[in-house]
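> Add chain B to chain A, keeping to what the hints say.
2 protein chains.
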Amino acid sequence: MSELPIAPIERILRNAGAPRVSTEGAEALKKLMEEFANEIAVKAVKMAKHAGRRTIRADDIMMAKEQ
Amino acid sequence: MSELPIAPIERILRNAGAPRVSTEGAEALKKLMEEFANEIAVKAVKMAKHAGRRTIRADDIMMAKEQ
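Residue numbers (the numbering used here), protein chains in the order written: chain A, 1 to 67; chain B, 101 to 167.
Hints are supplied without guarantee of correctness; some may be wrong.
What the hints assert, rightly or not - Keeping only pairs whose Cα atoms sit at most 16 Å apart, straight-line, the calculated EDC-like set for lysine to aspartate or glutamate is: (1) K131/B - E103/B; (2) K131/B - E24/A; (3) K131/B - E34/A; (4) K43/A - E66/A; (5) K65/A - E34/A; (6) K143/B - D59/A; (7) K46/A - E66/A; (8) K165/B - D59/A; (9) K131/B - E27/A; (10) K31/A - E166/B; (11) K65/A - E134/B; (12) K31/A - E139/B; (13) K143/B - E124/B.
Unchecked claim - Going by beta-carbon spacing under 10 Å, a handful of chain B positions derived as facing chain A: (14) I112; (15) A128; (16) L129; (17) L132; (18) V142; (19) K146; (20) K149; (21) A151; (22) G152; (23) R154; (24) T155; (25) D160.
Stated by the list, open to error - Partial chain B-side listing against chain A, Cβ under 8 Å, derived: (26) L104; (27) G117; (28) R120; (29) A137; (30) I140; (31) I156.
Hints listed in this document are in silico derivations from the structure and should not be mistaken for laboratory results.
The beta-carbon is built from N, C-alpha and C at its ideal position, and this holds for glycine as well.
Bound conformation, chain A alone:
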C-alpha cells in the first residue's frame, strides 16, 4: 500500500510552516495518511454494503470517519 505521491505531502508540510522537510519526514507523514485513509476506506465499504449499495458515497465516508 503506497499510493500517494510525495510532492503534495511536502507542500502540506511547507504550508504548515516547515522551512525544510527531510525525505524521511515526508515519508512518515505519507505512511500515516495512507493508514488513516485505509482505515476509513475499509469502514466505508462496510457502510455501503450495509446500505445495499455497491457505490461508495460521501455519506459512507463521513459515517466511517465517525466510527
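Coordinates of chain B only, in the frame set by chain A:
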C-alpha cells in the same frame, strides 16, 4: 488547501474492496486526509521548532501524531 490528486485516493478505496466509488465519495476522503495531514503537519512544525531545528524529521511527525 487542496493538494492531493484524486486517482490514488480512488485506488485506496478500491483496494479496500469498493466495487464503485462516486466522485463525491473520493472527494470526501481526500478532504479528510488533507485535514488529518494538516493537523499533524502543524504540530510537527512546532515539535521541530521546540527542538531547535528548521528541518521536519520523521520523529517530529511521529511525536505530532501522538499529541
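> If you take the shortest Cβ to Cβ gap from V142/B to chain A, is it below 10 Å?
holds, 5 Å
> Would you mind confirming whether the straight-line C-alpha gap from K65/A to E34/A stays at or under 16 Å?
holds, 14 Å
> Hold the hint about A128/B up to the distance rule: shortest CB distance to chain A must be less than 10 Å.
Since the shortest Cβ distance to chain A is 4 Å, the answer is holds.
> Would you mind confirming whether the straight-line C-alpha gap from K131/B to E34/A stays at or under 16 Å?
holds, 13 Å
> Would you settle whether the hint for I140/B is holds or violated, based on the nearest Cβ-Cβ distance to chain A being less than 8 Å?
Holds - the Cβ of I140/B comes within 8 Å of chain A, reaching about 6 Å at its closest.
> Compare the distance between the alpha carbons of K65/A and E134/B with 16 Å, and conclude whether the hinted pair is satisfied.
holds, 14 Å
> Per the CB criterion, is K146/B less than 10 Å away from chain A?
Cβ of K146/B sits 9 Å from chain A, so the hint holds.
> Can you confirm whether the C-alpha distance between K143/B and E124/B stays at or below 16 Å?
violated, 29 Å
> Please verify whether K143/B and D59/A have alpha carbons no more than 16 Å apart.
violated, 29 Å
> Holds or violated: are the alpha carbons of K131/B and E24/A at most 16 Å from each other?
violated, 24 Å
> How about G152/B: closest beta carbon in chain A under 10 Å, or not?
It is violated, given that the least Cβ distance between G152/B and chain A is near 13 Å, above 10 Å.
> So if I understand the rule, the pair passes when the alpha-carbon distance is 16 Å or less; does K31/A with E139/B pass?
holds, 15 Å
Checked against the numbered hints listed earlier, the structure breaks hints 2, 6, 8, 9, 13, 21, 22; every other hint is satisfied.
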